[in-house]
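Residue numbers (the numbering used here), protein chains in the order written: chain A, 30 to 603; chain B, 23 to 352; chain C, 2 to 310.
For the record, the hints were derived by calculation from the structure and aren't laboratory data.
Note that beta-carbon positions come from the ideal geometry of N, C-alpha and C, so glycine has one too.
Treat the hints loosely; a few may be bogus.
[As the list claims (entries may be wrong)] Output of the computed footprint for chain B on chain A, the stretches with three or more beta carbons under 8 Å from beta carbons of chain B:
no.: 1; stretch: 381–393
no.: 2; stretch: 463–471
no.: 3; stretch: 476–486
[As the list claims (entries may be wrong)] With a straight-line cut-off of 27 Å between C-alpha atoms, the simulated DSSO-like cross-links for lysine-lysine are:
no.: 4; chain 1: A; residue 1: Lys574; chain 2: A; residue 2: Lys549
no.: 5; chain 1: A; residue 1: Lys578; chain 2: C; residue 2: Lys124
no.: 6; chain 1: C; residue 1: Lys124; chain 2: B; residue 2: Lys57
no.: 7; chain 1: A; residue 1: Lys574; chain 2: B; residue 2: Lys91
no.: 8; chain 1: A; residue 1: Lys185; chain 2: A; residue 2: Lys164
no.: 9; chain 1: A; residue 1: Lys426; chain 2: B; residue 2: Lys91
no.: 10; chain 1: B; residue 1: Lys56; chain 2: C; residue 2: Lys124
[Unchecked claim] Some residues of chain A that are not near chain B, with every Cβ distance over 12 Å (derived):
no.: 11; residue: Pro409
no.: 12; residue: Asp414
no.: 13; residue: Thr446
no.: 14; residue: Thr519
Chain by chain, the residues:
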Amino acid sequence: MTGIGKLMHKSLFLGAAAAVMAAAVACGGSESSADPVVSASPTPVPTRASAPQIAPGLQDSTPLSGDNGGPRAGGRFTLVYSDPPTLDPHLVVDGTSFGVVVELFSGLVSLDKSLRIVPELAESWEVLEGGTVYKFRLRPGIKFSNGDPVTAQDFKWSLERAGRPETASAVAETYLGDIVGMQDLIDGDAGEASGIQVIDERNLRITIDAPKAYFLAKMTYPTAYVLNRKNVESGGNGWTDSPVGTGAFTLSEYRVGQRIRLARNENYWGRQAYLDEVFFNLSGGVSMAMYENDEIDITGVGLADLDRVNDPSEPLNRDLVDTPAQFGVQYIGFNVDKPPFDDPKFRQALNLAVDKELISSQVFADLFEPAFGIIPPDFPGFDPDLVGLRYDLDRAKQLLSESRYADAASRPRIVVTVPGSGGSPGLDVEVIADLWRQELGVNVEIQQVEWATYLQDLNRKRLQAWGGVAWQADYPDPQDFIDILFYSDTQGNRGNYSNARVDELIVQARTEQDIQERIKLYREAEQIIVEEAAWLPLWFDTERKALLKQRVQDYTFSQIAIPKFKDVWVTDAG
Amino acid sequence: MTADSLDQKAPQPRARSLKGRSHFRLAFARLRRKKLGMAAMTVLSLIYLAGIFAPVLETHGYSDTNLLKTQEGPDTENFLGTDRLGRDTYTRLIWGIQTTVIVTVATLLTGALLLGLTLGLIAGYMRGAVDSVIARVGEVVSAFPDILLIILLAATVRPRVLNWARSVEDGTGISGLVSSGFVDFVVIGIALLPLSWFGTMRLVRGQVLQLRNADYVEAARAMGMSTPRILFRHVLPNVISPLIVTVSFGMGAVAGTEIALSFFGLGVQPPRPSLGIMIAEATGRGSTATSVLTQHPEQLLAPIAVVWLLIFSWNILGDALTDVFNPRSR
Amino acid sequence: MLAYMVRRLMWTPVLLLIVSIIVFVLGTYGPGDPVEVRLGQNYTPQAAERLREQLGLNDSPAVQWGRYVWDAIRGDFGDSYVFQGRSVGEILGPRLWVSAQLNIAAFTITLIFGVPLGFYAAKRQGTWRDPAVVLTSLALFALPVFIIAPFLIWLFALQLDWVPVSGWGGFFDKRIILPAATIGVPGIAVFTRLMRASTLDVLGQEYIRTARSKGLSEMVVNYRHIARNALIPIMTILGFTFAGLFAGSLITELIYGIPGVGRISLDSIFARDFPVITALVLIGATMLVFANLLIDFAYTIVDPRIRLQ
């Protein structure tokens, strides 16, 4: 059972650090399951490709260090994981694959623990010609794990390979499409990307089509990782079973459905990893019990186990750690084209009738923070003064009676669709549906469909109202919430919300250079969206709980897949 | 789940030329002497009655939440305490039983009785090409690994059937098809069909094949009795007893499978309770159940106890019926 | 007889073809799209189109089905939609082997306990021991796996610390014990009941009385005559039960983290990974068909009076 529920949703966790995507790219953000249970899923700590940090220091991740002398080499770290759909960096679209690939491969630049962009295989770079040309200088003497030298030519070949139609990368456009000539390559109209030029062995020049501050951040995604041509061309599709990379680890064993074992890469350019082995257990199981029995080193804590591990007399309590909050918001979305959601008063009434504070404390043990706006706390653009539609039953009843759908008998049927490939439809949706019935006399059907069906209907904007998902930030800019989710006619605007003033503000914000001004514009738009009740915002993520063995040092919980195991060490090593 | 292996063990009944009615009276008299069988029947009656009369027996609405009283132990207001949303566990339990009652009875009626019996009678009596076609279709359906087919159907077909039912409701003014769970029951019933009809069909067919050459059937035919009449008067009464036995074993299997389906979120739609959903919710789907058992045992133990009693009792009853109808194995 | 077997064998491929058509129809006309699941929130119509083209999903269902059958005949069941570049054989092969071992272990448990218990119950008919055995085995049978598995884990792994909670180390690894017991113990009831009935049947036969009257020892009568004859009907359902066990191990595999077919069969349905689903269904169907065939065959050997037609 562990695992069934999360499986599908994980594919969404991902992503994409799509990050990074500038305003030009219409999609972004990731949708993920909003299972309110802090799940004991097979991936205990969801690696979510989210937000490369443009503004440094915005969200320092939490290094958990202990003082047991210095780091020492040796030992093993074990975790429950699920089968990565691919180990080919250029095909990665999901967090599960990303989490493994990021340990095996690397690119020109990467993210550090604070999610800042730092040099990886490039030791330095220059930005020329008003931001359209990037000149990278590679580190001297860098090698692939098989000992081959890494040259600028390897990068050109790799980037072009990612874009070639026969590679069929789903995200090449998103991450590499800014490079001059790449779009033609992707479409099969060109044999190479003219914007990638090899100057010499160690120098590479990349030209992009317009000055885009996010370009470097995109280069941290696996689509831009360097591969070994000999390796890739050796074994057909099977080359990923013995991949040659530039990460801190190499793949020592991969048995599909059973385990992945990583070993130290002796040819890594930087400090060698401490661990002898990282062991990904792919066959699943009840991770809580496995943790208690010392079979794994880390696990998430589910709602059902939370009371127990919170008890100070419980031995597990000593291992309890907080994982950083994700920048995400859970909500129930309304399709404003479909009655009765076409009447703002009706939507407002539904908003006002829900006492989120009460639900949060009674049902979720305060694991979630009630959301009254769209943008999460601590995120750029978060509006602490936003009041939103707070619980006010009298006003809710009054608005309902004023709305076109005051009469229950003639009110159109309301169906809230939730994804569910395992078990219950989400406690919050169930309780809210009942509150609407009890307090307002509004009857709601909950329809639980499994993930594939849900996704299809959501993509085609066919759902009248939907719950059970969260929007996760991919990059720290309010554009990722407001523009992508509420601008008329975007793929991410699943409820067909449209407001002329909001559109105007969003367009203005896209070109506004001053960050404070932009935030003001977004706040005004957010205010309108919330007042018009385009959604019923539910929860912002708060810190979650995990258990981590005390022998493990310097493990970093991050909101995005970063190479984390090279710094981990265990006190009982050697 | 494993329960479905039981119905493989359909008793090998013998042709008997007893007159139907007296045969049953005799059988029932024998059954009354079986203490265990009677006990099982009593338990089953109680469970099924509880399910049928759920609307009367409920103390709350099954989806009524009460956020001021969540995860409380049993008291005079909530006989079995409340769940995480403050819903009454006792009420949800009896409604969950009703779900199981409807699914088992519906599957039994459509699958085992209607389809299995009719097709079995036809196949056995007509033989030849008709028999072959029915047997081949049955083989195809039963060649699907049960649980895979069920999950596949529930995942792919159900949402579309639901949408269709909604448009029917909106178009015709009929109401309650979807909200009452009727559509769910139909889909689940169809998904569970392969579990039930093929076994019955083969059993009935075998019986008919044996009987059709029996002297009294030949005599009836010679006297010019019509085929349907022969089937009804002479063949049917004789296949009913082995059928009852098969069905009583099959009921346990169907109940178990419905519960598993709900456990995976592919059963009835929320907020309608089902025993599987209750188990899934109580264990949080990902934990060892250890935490639940130490803190709120009633939330998990109540549905589990009912599931256990259901399957246990159906099988004991099946055993007793085997003995009753098939005294040679005594 | 031979003609009958040949006819049955020739029918098998037809049956498998029909089964594959049904899966294709469900896949083509049912909701959900493997491409969209794979793309997740990266979905754009263009990206989906490219992926569809690459996976060959743009051809008409009939063409796809034809291609599938043609490849399958030559032993190629295609590549998974989810696990990119991995063939279905590569994905399912090891998992099937694991599930097979687990089920053999479970089956062994079922037989070792079930058959003697049934025999014992029959021999003790009329005493309290008979119903006690039957009831106990039935009580275990009725326990849902959702409660057996957590209980076994709690008791043997967490409290007594005899075995690890989960994992897989092959047939001769102690980690196989709990999952095998979880699958096997409920099945005991099936065999106890069968063996009991069949033993009772044999006990009533003339030749047993004859054997006893010949002065053979009770031991010899028990084992040479009663048990051996009583076992015959059991043999015939062995194959069938075994084929059915694959489905039964699904939940158990999930709970114990067994890298068998259980998890992948659920995952593949949810991800609409049709090459994997189709292969699983076809494998299951083949096993059931051959189990059926074996049963029929066994019947004719056991009871020569049965003539197949």
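Now for the hints, and whether the structure bears them out:
1. 381–393: holds (count 5)
2. 463–471: holds (count 4)
3. 476–486: Coverage by chain B holds for the stretch 476–486 of chain A (6 residues, Cβ < 8 Å).
4. A:Lys574 x A:Lys549: violated (34 Å)
5. A:Lys578 x C:Lys124: Given pair Lys578 of chain A, Lys124 of chain C is violated - Cα atoms ~56 Å apart, limit 27 Å.
6. C:Lys124 x B:Lys57: The given pair, whose Cα atoms are some 21 Å apart, holds under the 27 Å limit.
7. A:Lys574 x B:Lys91: Between Lys574 of chain A and Lys91 of chain B the Cα gap is close to 25 Å, so the pair holds against 27 Å.
8. A:Lys185 x A:Lys164: Holds, at about 13 Å.
9. A:Lys426 x B:Lys91: It holds: about 24 Å lies between the C-alpha atoms, which stays within 27 Å.
10. B:Lys56 x C:Lys124: holds (20 Å)
11. Pro409: The assertion about Pro409 of chain A holds, with a minimum of 34 Å to chain B.
12. Asp414: holds (28 Å)
13. Thr446: violated (9 Å)
14. Thr519: holds (26 Å)
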